Amino acid sequence: MDHANISNPGDHEMSIAARGSTAHQGGDELPPTISLDEVTIIVRAQDGDLDAFDTLITTYQGSIFRLAYRMLNDRTEAEDIVQETFIAAWRSLPKLSTPQLFRPWLYRTATNKCLDTLRQRQRRPTTVLAPTDLAEHQHDRDDARTAAAPAQSVDPAAAVEAEAQMRALADLLETVPPESKACWLLREVHDFSYSEIAQMMQLPPSTVRGRIARAKRLLAEGMESWR
Amino acid sequence: MALNDDTPRLGCGRNLDDLWASIDEPPNAHEQGCSDCQHARTALFNLATVTEAMKERDLTDPDLQPAGRIREAIMMVARAEIRRSRRTALRETPHGSIEISEQALNSLIRFAASTVPGVHARRCTISTAEGKPAGTDTVDLSDVRMSLHVALSSTVSIPPTMAVLRERIGTIVHAQTAITMQQIDVVVEDLYDL
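Chains as they are written, first to last, in our numbering: chain A, 1 to 227; chain B, 1001 to 1194.
No wet-lab data here; the hints were simulated from the structure. Heads up, some of the hints might be wrong.
Unchecked claim - Which residues of chain B face chain A? A few of them, derived with a C-beta cut under 7 Å, are: (1) Pro1066; (2) Ala1073; (3) Ala1078; (4) Val1164.
All values derive from a computational prediction rather than experimental measurement. We put the CB at the ideal spot given by N, CA and C, even for glycine.
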């Protein structure tokens, strides 16, 4: 029964070592690491393949962490979001009917968890971490990076200015309402389309456009002093 | 800049989102003569520049990766909750039975498929008799059937590749488990390199 039911291929390729099961032991030579398309990796993870799931973690943990870090401005909480998001993904993967939608599905889970965390902060203000802790950590890293900049062929003054602007933008993000910040990050940093964000956030596209525009206005106005 | 209920608008009434959409293009006739647009355009362009710089830097910043223990914690949960499904009794010995789980059998089938160039094995389903869906019972060793969905390279010829794939799966599964596949259905659902 050979069906030629062709659907859209995945956009990405990932490397995964094809390994035998526990029943496949005894010194057999394994095939070399092969590059698999993303849909294959996702479907295998849906089937409970741990190697495939590990590959998905490798591919997406960094971007999910960066989203959570910019949403929450807290490294520990961002790591918690990564952990909770992937555990939720592992448990819900079999229910994902369209493997091609794995990326927005994963981001939606992470975004909702970030928004929940921010709501919990508002309800329990005493548990809010001092923003200065993270800001100082970030600033220390920025300073260290800036100090190392002269070794490269970059104008030191321009490098310092660029770092200061990025720091200002990161600080300004803290002033943007959570839902607008989420929409802006998904659009401008993680390259989702308006319609994808609308589906992820379960909002009308017009509302997503409004929220992103509002975030841009706040950020652009806030950056005025850095021009 | 003024704000209404939906989308921020400039003093001239223009939608801020429309201006942003054309930020990479030269100013149009209206923008050339409108101070609101010129001001907003400069501010948005600056924001776009800094955003892009931050995005690129974050991508390569080793500090903007979760700690290694996070992956370990995730995988620990995944391993603990792995869906091994049904088991097939391979052999009875004086010390007990030897079984293989459906999960392990699937891995073996994917391994067999990976030895055929141009084949990416995807979903694999094991059944014990035609029309009898998988349940929670053990699989009958003498009547194991499987359905494998695959993605192929667009460079391979499907009929001979399917013949090789079936032969390879049957041979490797039998060699490793003594199971003789009664039926090997293969569904080509995708061309992965188009």
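Evaluation of the provided hints:
Given the 7 Å rule on beta carbons, the hint for Pro1066(B) holds: about 5 Å separates it from the nearest Cβ of chain A. Because the beta carbon of Ala1073(B) sits about 6 Å from the nearest beta carbon in chain A, less than 7 Å, this interface hint is met. Hint status for Ala1078(B): holds, given a least beta-carbon distance of 5 Å to chain A, under 7 Å. Look at Val1164(B): its Cβ only gets to about 13 Å from chain A, farther than 7 Å, so that hint breaks.
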